[in-house]
Amino acid sequence: MKDISNKIREIAQTLFKEKKIDVFLGWEKGALDFQTVPFIARSEADARKLVFDEYSIHNLATLLLKFRDGSEKIGIAAKGCDSRSIVRLLEDKQFARERLHIIGVGCPGMKDPLQAIGMYSGLKKQQGDGNALAAKCYECVQPNPVIYDDLVGSQQPSRLTGERFARVNAMEQMNADERYRFFEDTLSKCIRCYACRQVCPACNCRTCIFDEMKPQWVGRENSPEDNMMYHLVKASHMAGRCVECGECERVCPVNIPLMLLNQKLIKDVNTFFGPYEAGMNYVEGAKPPLSSYSEKDPDDFI
Amino acid sequence: MKVLSKSKLETALNKLNQSAEVFLPMQKDKESGFYSWKLFNQGQDELMLNALNVYLPPKNVVLPQTERMYSIKQEGQEIKIDKTFEDSSPRVIFGARPCDLKAILCMDDVFLTRGYEDSFYKCRREAITIVANACFQPGPACFCAAMEINPLEPAGADVIICDAGEAYSWEAKTPKGEALTAQITEYLEEKSLSLPAAKPFVQDVKYEGVAEKLKGMFNNHIWERLGESCHNCGICTYVCPSCYCFDIQVKMWGDEGYRFRCWDSCMYEEYSREAGGGNPRGSGIERFRNRFLHKLEFFKERYGTPLCTGCGRCIVACPAGINIVKIIDEIKEAELDA
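For the protein sequence lines, the chains are A and B, in the order given. Here the first sequence stands for residues 2 to 303, numbered as in the numbering used here. Here the second sequence stands for residues 9 to 346, numbered as in the numbering used here.
I should point out that these hints are in silico values taken from the structure, not numbers from a laboratory. Bear in mind that the values here come from a model prediction, so they are computed numbers and not experimental data. Check the hints yourself; a few may be wrong.
To give an idea of the chain A side of the interface with chain B (calculated C-beta under 7 Å), a few residues [said to hold, decoys possible]:
#1 Phe35
#2 Leu124
#3 Asn256
Don't be surprised by glycine CBs; every beta carbon is placed ideally from N, CA and C.
Assemble the whole structure, with the sequences as input and the hints as a guide.
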């Protein structure tokens, strides 16, 4: 991993030197060993601080959105999941491809700094010996970048060993009442901090439906009804867009299994409109399912 | 001194539970927070009085995330306030750590002083008795002492308990605390107990002078750098024991409805959006700066104490790894713009 870190730093420094980029989105070390934090480098000197290590888990594609209205040329380090997010942002025309210089990284799987600091601080219960990868990384089907200008690190195998969508399949076995109770229970815990939305690379709307006040589409009460409305509307918006980076579930302070909803929709989009996996390859002008409109649509409700 | 043996703790809680709802630090499934003793599932849940602290603070007991204020009925041209929901049912917060206790005192300042008393808050707060659990072993992310708190003798508690292994020392500090003590007097013993020695803090945080220095730093360049990786989610404000901002909204169905208040977060764009559509804190960086200025400068100016109590929860929860301790350090080191 040290090798990957050095290469990212070298490439970023060269890109700054040759004036090919104005900013580089990567990671730097935080105050504690397991705190590796997103970092926006703006100069060759800044680029010396860049690191890539076992805690570089954040999906940096969300940071890209901070630059969408500018004209800066942007360098970015991208693991498999991050790169799929970038493809989706390109498909949604948030950026011109020419503005990006992508350093793809074959991802060996990441540890979760939130788990680590939770246990270190004493605020979270000890789980395992701390050497395990983040839960989401064990479900990863695309550790290698799907779009890049430079490639560092070695090709990595898929880490999904069990059945794909195992949790979804189990949920589908429940009857309607059981499922309702399950979601009512788990979504009642939500504190509406919107961390799941803010870290989501697919959430690129300029004005989010949940922030609109006139009309207010979704109530702000912390109640099972309003919470369900928030989560179900959010998940529906992710259909065809979620790249399974799992950041929403990872950052949730109350452990809501958000990827269960997202994976159900990934599975359904694939079944009904597929074959389709979001953000797997970038074809300029391609229209993913649910993002195009045709008068000849066979469904008469349109 | 008065002593509550740990073997009698659950019986004492059952006794208190007869006349008040008792909230305690608990682990429930994967979550930890302050939950009602009535919801404690023997064998599944775990009491966390011995743990350093729990992930979600007891803020919800004092200032519920959603609180119905009054219901409304429209009759012709008239609007009638149908019912007011002030809640004065007795509650006990049992085992709040000094950081979380101080956070409640900060909220008392906001809702009960400077010329306005919030009746909803006042009603609920007056019926709450707080048993504080003194801290002898600060955790690695703790820095309450730097934020002007005495973790061994926290101010404002009705009762202070100290964990001495097999038993808690029990010291009533206020008339409310005396009343609580009287309820469980049959479970308290009179004996001497040797309390553990206080351990030093792991983190060295130097807050002195920060509020004063921040007066000249509103336009400082450091905010851009410190805040640019912030996602502007509300996680830090909602796990914070002292963030008290709320919004008041209404739900109507035809001629009937109710007004409620709910937590709000200064991190949200909508929070500072004005009726005409303008927003004095339109950018994420401005909202980020506001949060830290409020915690470290504005509150101190108005109430004489910082609004951060050093519990460390925001550091633990932040998806982007933003660390208020590092921000305090950076403020100390920053050069003032000429």
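Hint by hint, here is what the structure shows:
| no. | hint | result |
| --- | --- | --- |
| 1 | Phe35 | violated, 9 Å |
| 2 | Leu124 | holds, 5 Å |
| 3 | Asn256 | holds, 4 Å |
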